[in-house]
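Numbering (the working numbering) for the sequence shown: 174 to 353.
Be aware that one or more of the hints could be misleading.
[Stated by the list, open to error] SDA-like, lysine to any residue: derived pairs with alpha carbons at most 25 Å apart: (1) K274 to A223; (2) K234 to I273; (3) K255 to K191; (4) K274 to A206; (5) K191 to A248; (6) K256 to S266; (7) K340 to N293; (8) K234 to E275; (9) K232 to S176; (10) K340 to R306; (11) K191 to V247; (12) K256 to N293; (13) K191 to L202; (14) K226 to A197; (15) K232 to P222; (16) K340 to Q329; (17) K256 to A197; (18) K191 to I228; (19) K255 to G326.
[Claimed, not checked] Computed beta-carbon distance windows for the label pairs: (20) E290 to V183: 19 to 29 Å; (21) E275 to M198: 24 to 34 Å; (22) K255 to G229: 18 to 28 Å; (23) K196 to G272: 30 to 40 Å.
Think of the hints as simulated: they come from the structure by calculation, not from any bench. Using N, Cα and C, we set each Cβ at its ideal position, and we do this for glycine too.
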Amino acid sequence: CSSDLTAYRVAGHYAEAKAIASKAMAAGLDGFAVHFNLYYIAFAEGDEPAMRKEIGWFKGKSLESWNLNHQAWVAASLGELKKARNLFELSRSSALQHGIKEYAAATAIDEAQIEAELGNTSESRAKVELALRILPGSIESEAGGALALARAGDLQRAATLADLATKQSPRNLLLLKVSL
Numbered sequence: 174c175s176s177d178l179t180a181y182r183v184a185g186h187y188a189e190a191k192a193i194a195s196k197a198m199a200a201g202l203d204g205f206a207v208h209f210n211l212y213y214i215a216f217a218e219g220d221e222p223a224m225r226k227e228i229g230w231f232k233g234k235s236l237e238s239w240n241l242n243h244q245a246w247v248a249a250s251l252g253e254l255k256k257a258r259n260l261f262e263l264s265r266s267s268a269l270q271h272g273i274k275e276y277a278a279a280t281a282i283d284e285a286q287i288e289a290e291l292g293n294t295s296e297s298r299a300k301v302e303l304a305l306r307i308l309p310g311s312i313e314s315e316a317g318g319a320l321a322l323a324r325a326g327d328l329q330r331a332a333t334l335a336d337l338a339t340k341q342s343p344r345n346l347l348l349l350k351v352s353l
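Work the whole structure out from these sequences, hints included.
What follows is the structure, encoded as structure tokens:
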């Protein structure tokens with residue numbers, strides 16, 4: 174169900190994706206993937222009431238941090254940087270509160286990427302360092318941080334983090350060929 178739903182969403186076939194979601198919900202199978210996809214469809218269609226409905230579904234759940242992160246990306250894509258920063262912070266806090274350190278660090282890297290894209294080098298650096306403090310020695314934080322810092326123009330620190338990541342996993346072709 175969720176793979177079909179995601180495939181239809183990614184292909185832009187929103188009506189079909191929503192029909193699959195409706196069937197899943199009618200069968201009591203409306204978990205994270207269904208609501209994650211419905212949130213993105215609502216955003217793509219500019220349907221704010223549907224977006225709020227999905228945000229409500231995530232409220233108080235252990236994976237609320239994921240939806241808060243996606244809300245932050247939406248806000249950033251709409252040019253609402255202050256709102257995006259607040260949502261990224263809420264996402265990190267929620268993830269840490271639920272013991273999901275990896276996602277808290279990933280959220281910091283996501284924010285670092287956005288700050289880098291906007292030319293906010295010092296903010297990007299600060300979020301990379303935050304990710305590294307949240308999850309020290311994390312190959313994902315090191316590799317993601319290297320990408321963000323390279324985008325921000327801090328090539329020396331980016332190279333250092335890239336070296337750390339590749340030393341941890343020298344045969345990780347996905348890391349070596351795609352990430353870095």
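Now for the hints, and whether the structure bears them out:
A distance of roughly 29 Å separates the Cα atoms of K274 and A223; the hinted pair therefore is violated under the 25 Å criterion. The straight-line distance between the Cα atoms of K234 and I273 is roughly 13 Å, inside the 25 Å bound, and the hint therefore holds. Among the hinted pairs, K255 with K191 is inconsistent with the structure: their alpha-carbon atoms are about 31 Å apart, more than 25 Å. Of the supplied pair hints, the one linking K274 and A206 holds, its CA atoms being roughly 21 Å apart against a limit of 25 Å.
The hinted pair formed by K191 and A248 meets the criterion: a straight-line CA distance of about 23 Å does not exceed 25 Å. For the proposed pair K256 and S266, the alpha carbon gap of about 15 Å is at most 25 Å, so the pair holds. With a CA separation close to 29 Å, the supplied pair K340 and N293 exceeds the 25 Å bound. At roughly 17 Å between alpha-carbon atoms, K234 and E275 fall within 25 Å of each other, so this suggested pair holds.
As the CA atoms of K232 and S176 are separated by approximately 24 Å, the hinted pair is consistent with the 25 Å bound. Of the supplied pair hints, the one linking K340 and R306 holds, its CA atoms being roughly 19 Å apart against a limit of 25 Å. Of the pairs offered as hints, the one joining K191 and V247 holds, with about 20 Å between alpha carbons and a cut-off of 25 Å not exceeded. A threshold of 25 Å between alpha carbons decides the hint, and for K256 with N293 the separation of about 16 Å falls inside it, so the pair holds.
Of the pairs offered as hints, the one joining K191 and L202 holds, with about 14 Å between alpha carbons and a cut-off of 25 Å not exceeded. Using a Cα cut-off of 25 Å, the hinted pair K226 and A197 holds, with the two alpha carbons roughly 17 Å apart. For the suggested pair K232 and P222, the alpha carbons sit about 15 Å apart, so the restraint of at most 25 Å is met. Proposed proximity of K340 and Q329 is supported: the alpha carbons are some 17 Å apart, at most 25 Å.
Taking the CA atoms of K256 and A197, the gap is about 32 Å. The hint is violated against a cut of 25 Å. Using a Cα cut-off of 25 Å, the hinted pair K191 and I228 holds, with the two alpha carbons roughly 16 Å apart. Only pairs whose Cα atoms come within 25 Å are accepted, and K255 paired with G326 is accepted, the gap being roughly 23 Å. Checking the proposed 19 to 29 Å range against E290 and V183 shows it holds: the Cβ atoms sit about 22 Å from each other.
For the pair E275 and M198, the beta carbons lie near 29 Å from each other, so the given range of 24 to 34 Å is met. Checked against the hint of 18 to 28 Å, the C-beta distance between K255 and G229 comes to roughly 23 Å, which is consistent with it. Range check, K196 to G272: about 33 Å between beta-carbon atoms, so the 30 to 40 Å window is met.
The structure shown violates the earlier hints numbered 1, 3, 7 and 17.
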